[in-house]
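Can you make the complete structure from the sequences, with help from the hints?
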Amino acid sequence: MATTTCTRFTDEYQLYEELGKGAFSVVRRCVKLCTGQEYAAKIINTKKLSARDHQKLEREARICRLLKHPNIVRLHDSISEEGFHYLLFDLVTGGELFEDIVAREYYSEADASHCIQQILEAVLHCHQMGVVHRDLKPENLLLASKCKNAAVKLADFGLAIEVQGDQQAWFGFAGTPGYLSPEVLRKEAYGKPVDIWACGVILYILLVGYPPFWDEDQHKLYQQIKAGAYDFPSPEWDTVTPEAKNLINQMLTINPAKRITAQEALKHPWVCQRSTVASMMHRQETVECLKKFNARRKLKGAILTTMLVSRNFSVGRQTTAPASVSAAAAAAGTTTSLVEQAKSLLNRKADVKPQSNSAKNSIVTSPKGNVPSPALESSDSSNTTIEDEDVKATKLTDILGCTRRGSGPPAAPDSEAAAHSTQSPPQTPIMQTRKQEIIKITEQLIEAINNGDFDAYAKICDPGLTSFEPEALGNLVEGMDFHRFYFENLLSKNSKPIHTTILNPHVHLIGEDAACIAYIRLTQFVDGQGRPRSSQSEETRVWHRRDAKWQNVHFHCSGAPAAPLQ
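All the letters of the sequence shown, read from the start, carry residue numbers 1 to 566 under the UniProt record's numbering.
FYI, nobody ran anything at the bench for these hints, they're computed from the structure.
Some clues are possibly wrong.
[As the list claims (entries may be wrong)] Derived Cβ-Cβ restraints for the label pairs, each shown as a range: (1) Ala472 x Trp237: 52 to 62 Å; (2) Met281 x Tyr16: 35 to 45 Å; (3) Met129 x Glu443: 49 to 59 Å; (4) Ile254 x Ile430: 45 to 55 Å; (5) Arg104 x Trp237: 15 to 25 Å; (6) Gln432 x Tyr106: 28 to 38 Å; (7) Asp166 x Ile254: 17 to 27 Å; (8) Ala227 x Arg104: 26 to 36 Å; (9) Glu478 x Glu105: 31 to 41 Å; (10) Arg546 x Cys6: 46 to 56 Å; (11) Pro463 x Asn489: 14 to 24 Å; (12) Glu288 x Glu478: 15 to 25 Å.
[Stated by the list, open to error] Each computed DSBU-like pair below joins lysine-lysine, with the alpha-carbon atoms no more than 30 Å apart: (13) Lys226 x Lys245; (14) Lys187 x Lys32; (15) Lys187 x Lys245; (16) Lys440 x Lys459; (17) Lys267 x Lys148; (18) Lys48 x Lys32; (19) Lys292 x Lys146; (20) Lys32 x Lys56; (21) Lys258 x Lys292; (22) Lys68 x Lys56; (23) Lys146 x Lys220; (24) Lys291 x Lys146; (25) Lys291 x Lys226; (26) Lys245 x Lys220; (27) Lys187 x Lys148; (28) Lys146 x Lys187; (29) Lys549 x Lys459; (30) Lys291 x Lys258; (31) Lys32 x Lys146; (32) Lys187 x Lys220; (33) Lys187 x Lys258; (34) Lys148 x Lys47; (35) Lys220 x Lys267; (36) Lys56 x Lys187; (37) Lys220 x Lys292; (38) Lys56 x Lys148; (39) Lys56 x Lys226; (40) Lys459 x Lys48.
All values derive from a computational prediction rather than experimental measurement.
Yeah, the Cβ is synthetic: ideal placement off N, Cα and C, and Gly gets one too.
In structure tokens, the structure reads:
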């Protein structure tokens, strides 16, 4: 007897543009034909999933079906067809909460109180339904729309677990390093209080723009967290009310049994009586600091997005537009161990805060009952638990290391990371050829800059190019308009000779269709007095190949401006 294949999604929904992508999933906007209602469809390629991945997918769908709250991204439908599974979520269009805050003209303690109140309402609902999120962090806090006062929405339940009442048990090592609770790091039984600890970290960031725990060395970061070693330094904390600090202290209580609950936190005067308790003073320094915090997260996201795009995932009428990790994509999450292992290694070199380094934005997770050493506990933000043996030495530390250093061969890994890495595979002729291609296309791009040829430059760059560069004053810039201004008003008008040398180019291949190159760019030019000068910048460019054509999708420049003012 023939088996009838379900085609309900194909029959009832129309797919539109891509919103985000993972190794085994893609998120696309879709419309229900009979109602015209828009949704974010997370489309999972089930042909590529392991048995464990199938279990995690079922758990995520089961948990999301339980949760119906105005501050939680809602799952509306779950449809399985031949080779693909479709999860239909709210289409969340307001972007990340933290990105919205830095765009505001006014931001105060009272605003932070309103934000944490909505987050706590979502957490309380989860806990009442027997769900522990386990991955509360800025990336998973979205806004329903771009309207003023849009609701905060908690997203991404890929790491969430189900618990009975106040059950405490070992559910595996999972979460994001800077937001992990002491009990998880001590590998003790845990439960709902882990979400409250993460809320405390988020509230701390909401008030000053940087996290309470940070260190470039993950072991030192974990030691800080286990000891509860945070403080309220001057001058930024001098203007924060004692009530706000009191709530943070109750959330960041080391003993989970004594930690405040979501219900209790919602009754705290700083939350429920904000109009009289929370300060209304505009916190400009917090906004400025938060911009830097966001920029660091976006840099890592840009590199990871490129890596994921290179994996050639294809679904239905998929467009070839560059994948950008949007609010809807974050809302739906991605079920992929690739991103987990990617961010784990990537974040080992992460830095953050103005004067120091921040919480690392990658998920760490290990299977239940098999706790790895901290060196392998890192994995990532893509929302699912990975097995220890899945972690390959992809050398992503090298990529981020070069991004920060600007060029040259990667520094020797720390002994702990090295202990878990494998030898690099031998360089094949194809790999060598591809690396030469990357160097050559980078030289062509720089030549277009030197010649002031915007058309040639635009052909080599992705239209959605993202960048960090001195001219942007530390902000993440997206698109070509920012760069067009410099071509039209400086580069194209320059008649004096410019010569550029690329020093110490170091290329990392990321799959077959993506690569990262780091180098020192030495530029010789003639100044306004006719004297020869030189300037130096450290640059990293991420390339992606589409239709046999390499395009620059992201670059990071530090040092002198790319275009010397002559």
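*Does the alpha-carbon distance linking lysine 56 and lysine 226 stay inside the 30 Å limit?*
This hinted pair holds, its Cα atoms lying about 29 Å apart.
*asked:* Against the 30 Å threshold, does the CA-CA distance of lysine 187 and lysine 32 hold or violate the hint?
replied: Measuring from Cα to Cα gives roughly 45 Å; hence the hint is violated.
*Is the Cα-Cα distance between lysine 291 and lysine 146 30 Å or less?*
Roughly 19 Å between the alpha carbons, so the hint for lysine 291 and lysine 146 holds.
*Holds or violated: are the alpha carbons of lysine 146 and lysine 187 at most 30 Å from each other?*
40 Å, violated
*asked:* Given the hint of 31 to 41 Å, is the C-beta distance from glutamate 478 to glutamate 105 inside that range or not?
replied: For glutamate 105 against glutamate 478, whose Cβ atoms are near 21 Å apart, the range 31 to 41 Å is violated.
*Using the Cβ atoms, figure out if glutamate 288 sits within 15 to 25 Å of glutamate 478.*
Holds, at about 20 Å.
*For the pair supplied as a hint, lysine 48 and lysine 32, confirm whether the alpha-carbon distance does not exceed 30 Å.*
Holds, at about 27 Å.
*asked:* Looking only at beta-carbon atoms, does the pair aspartate 166, isoleucine 254 fall within the given range of 17 to 27 Å?
replied: 18 Å, holds
*Holds or violated: are the alpha carbons of lysine 148 and lysine 47 at most 30 Å from each other?*
42 Å, violated
*Under the criterion that the straight-line Cα-Cα distance not exceed 30 Å, is the pair lysine 245, lysine 220 satisfied?*
24 Å, holds
*For the pair supplied as a hint, lysine 549 and lysine 459, confirm whether the alpha-carbon distance does not exceed 30 Å.*
10 Å, holds
_Restraint status (C-alpha distance of lysine 187 to lysine 148 at most 30 Å)_ = Judged against 30 Å, a Cα distance of about 42 Å means the pair is violated.
Hint compliance for this structure: hints 1, 6, 9, 10, 14, 21, 23, 27, 28, 30, 34, 35, 38 and 40 are not met, and every other hint is.
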